[in-house]
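So you can see what is in the structure, the chains are spelled out below.
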Amino acid sequence: MILKTKNLTKSFGSRKAVNNLSFEIPEESIFGFLGPNGSGKSTTIRMMTDLIRPDVGEVFIQGKSVQRNHQKALVNVGSFIERADFYKHLSAKTNLELLARMDGKGFDNIPVVLERVGLSDRANDKVKHYSHGMRQRLGIAQALLAKPKLLILDEPTNGLDPQGMKKIRNLVRELNNEGITIFISSHLLDEVQKICSHVAIIHLGQLIISGKMDELLSESELFTTELRVNPLEKAKSILESQDWIHKCDERHGSLFVNVSPDKIPEITILLIQNECMVEAIIPKTSLEDLYLSKTELGKSQN
Amino acid sequence: MLRLIHNELLKIIGRWRSYIGFIGIAILMPLILWGFSYGGGEIHDEYIKQFGDSFIVVGSIFNAFLATYIMMNAFWIHIPFLVALAAGDAVAAEGAAGTFRIILTRSTSRLKILFAKLFATWIYTAFLILFLAFMSLGIGTLWLGSGDLVVFDKGILILDQSEAWIRMALSFGLAILVMCVVATLCFMFSSMVNNGIGPIVGSIFLVAVGYLIMAIPIEMFEKMEPYIFVTYFDVWQQAFKDPIPWDRIGKSLVILSLYTAGFVGVSVVVFLRRDIKS
Numbered sequence: 001m002i003l004k005t006k007n008l009t010k011s012f013g014s015r016k017a018v019n020n021l022s023f024e025i026p027e028e029s030i031f032g033f034l035g036p037n038g039s040g041k042s043t044t045i046r047m048m049t050d051l052i053r054p055d056v057g058e059v060f061i062q063g064k065s066v067q068r069n070h071q072k073a074l075v076n077v078g079s080f081i082e083r084a085d086f087y088k089h090l091s092a093k094t095n096l097e098l099l100a101r102m103d104g105k106g107f108d109n110i111p112v113v114l115e116r117v118g119l120s121d122r123a124n125d126k127v128k129h130y131s132h133g134m135r136q137r138l139g140i141a142q143a144l145l146a147k148p149k150l151l152i153l154d155e156p157t158n159g160l161d162p163q164g165m166k167k168i169r170n171l172v173r174e175l176n177n178e179g180i181t182i183f184i185s186s187h188l189l190d191e192v193q194k195i196c197s198h199v200a201i202i203h204l205g206q207l208i209i210s211g212k213m214d215e216l217l218s219e220s221e222l223f224t225t226e227l228r229v230n231p232l233e234k235a236k237s238i239l240e241s242q243d244w245i246h247k248c249d250e251r252h253g254s255l256f257v258n259v260s261p262d263k264i265p266e267i268t269i270l271l272i273q274n275e276c277m278v279e280a281i282i283p284k285t286s287l288e289d290l291y292l293s294k295t296e297l298g299k300s301q302n
Numbered sequence: 001m002l003r004l005i006h007n008e009l010l011k012i013i014g015r016w017r018s019y020i021g022f023i024g025i026a027i028l029m030p031l032i033l034w035g036f037s038y039g040g041g042e043i044h045d046e047y048i049k050q051f052g053d054s055f056i057v058v059g060s061i062f063n064a065f066l067a068t069y070i071m072m073n074a075f076w077i078h079i080p081f082l083v084a085l086a087a088g089d090a091v092a093a094e095g096a097a098g099t100f101r102i103i104l105t106r107s108t109s110r111l112k113i114l115f116a117k118l119f120a121t122w123i124y125t126a127f128l129i130l131f132l133a134f135m136s137l138g139i140g141t142l143w144l145g146s147g148d149l150v151v152f153d154k155g156i157l158i159l160d161q162s163e164a165w166i167r168m169a170l171s172f173g174l175a176i177l178v179m180c181v182v183a184t185l186c187f188m189f190s191s192m193v194n195n196g197i198g199p200i201v202g203s204i205f206l207v208a209v210g211y212l213i214m215a216i217p218i219e220m221f222e223k224m225e226p227y228i229f230v231t232y233f234d235v236w237q238q239a240f241k242d243p244i245p246w247d248r249i250g251k252s253l254v255i256l257s258l259y260t261a262g263f264v265g266v267s268v269v270v271f272l273r274r275d276i277k278s
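Chains as they are written, first to last, in the working numbering: chain A, 1 to 302; chain B, 1 to 278.
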């Protein structure tokens, strides 16, 4: 494990932003970190990078405590937190030089990271003349400057157009292929599902679910499957009479049933035996469903 | 550490507020020197009329040394404001710009970053006072010429030219140390907030309160005076006494150092415990 959080807890006044949060990030994974607004994602990421001090708990990176040994713990970490803010009156190159001087690793990597994010030809322009997308890319460049083994990206595609998002997605994959572990927080569930090997969902400051993306998507019994059948009403009454079907709703001329993916063949047989015509079965086992079901569940539990 | 100080100096150079003090001095000093050269003859004649029977004055008593001495007395209350303009931004500007997120997440300790900022602020302060010295003494010498320094302090003290240079150097050296205390006070406030204006206002307010306490002749205030750091701000004037009261200078510097250490201590505690939420 490259990163491990242990019982992280943080309150702001009477509000508990993060509550006893523990999870682990495997090496060389792309780890998606999800949660609704106000769920404690940003606070967690800031505790991981030592911007915020936890009330209780610790973060360990490569076995070193971020809270007790900031310098050694963060030596192989690059991070992009929330927004790409720089010294706007300085050029991109000078900004990176300032940061490289802090890292104590020389300026050799500056042209490399600028090339990597496609900003080589604008390196000498002042950051105040950069577009939002260019600043986001420069944000990733500064995170790569110290040749990190763990890259923490908090909403890196925020405000980017589809092309910009695709570039970032491809870059994340490339970096991961080179052995860099990526921790990525995003609201774009489709993006996360496309690139992440692991995922954790937090809600109201608590961990709801964490694990390998494939396993989580196949194991859950709460996924929705869309059925296009005829006649609709008859099919609905047949399915509703089955105790292994959790829920069956009619929407937009289709039936949406909550059922484990391995039960789908049984549904097909059942409907055909009862002389219903099955036009299409569309498993909706997306990350979005998992996310919504888990955060809704989290809400109801709280 | 030198690398970090280099970074902080680059940031100070990049902020427009850092130049206000230099621009102000660069505009005001020649104007004042011009005023002195214009009306200096009258002052010289007045002095000669009063003291001509007792002293033989060679050259003009109204020279760069006296002009500098008068200006330092007149501007001493205003210089802290110029110092605070840059010191107020030292830490707070990073919070306002959101750049803490890129510097505090690197493998450099907060303590090192804080001290680099503090040292850079002190270097800036020293340069500002040295610039004041250059503009008043340097330009003043070219404009008004040099000569003996006549100082009025419980009588008349006349320092010959070579001694006057030494006393001026000592005086500006002490002035740098005093202004570093103001800079550190402002730096302390800067480490607490995300806005550069608050620390400037806070520091100037405290300095003004100190001067008020010293100015109002109430017994209670007089008792407070030894404990107020502003009381020791005039330590630079001790350089023009004869003999130089080293014990008084030493005591003032010890007390100012204790205040500085206190301000630095508070900055360290606040900054190390601070949550970066913006």
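A hint or two may mislead.
What the hints assert, rightly or not - The calculated lysine-lysine pairs, modelled on BS3-like cross-linking and capped at a C-alpha distance of 30 Å, are: (1) A:Lys-6 with A:Lys-64; (2) A:Lys-64 with B:Lys-251; (3) B:Lys-251 with A:Lys-72; (4) A:Lys-149 with A:Lys-6; (5) A:Lys-4 with B:Lys-241.
Rather than coming from a laboratory, the hints here were simulated on the basis of the structure.
Each hint tested on the structure:
1. A:Lys-6 with A:Lys-64: holds (12 Å)
2. A:Lys-64 with B:Lys-251: The given pair, whose Cα atoms are some 47 Å apart, is violated under the 30 Å limit.
3. B:Lys-251 with A:Lys-72: Distance of about 43 Å is beyond 30 Å: violated.
4. A:Lys-149 with A:Lys-6: holds (21 Å)
5. A:Lys-4 with B:Lys-241: violated (66 Å)
The structure fails hints 2, 3, 5 (numbered hints given earlier, in ascending order).
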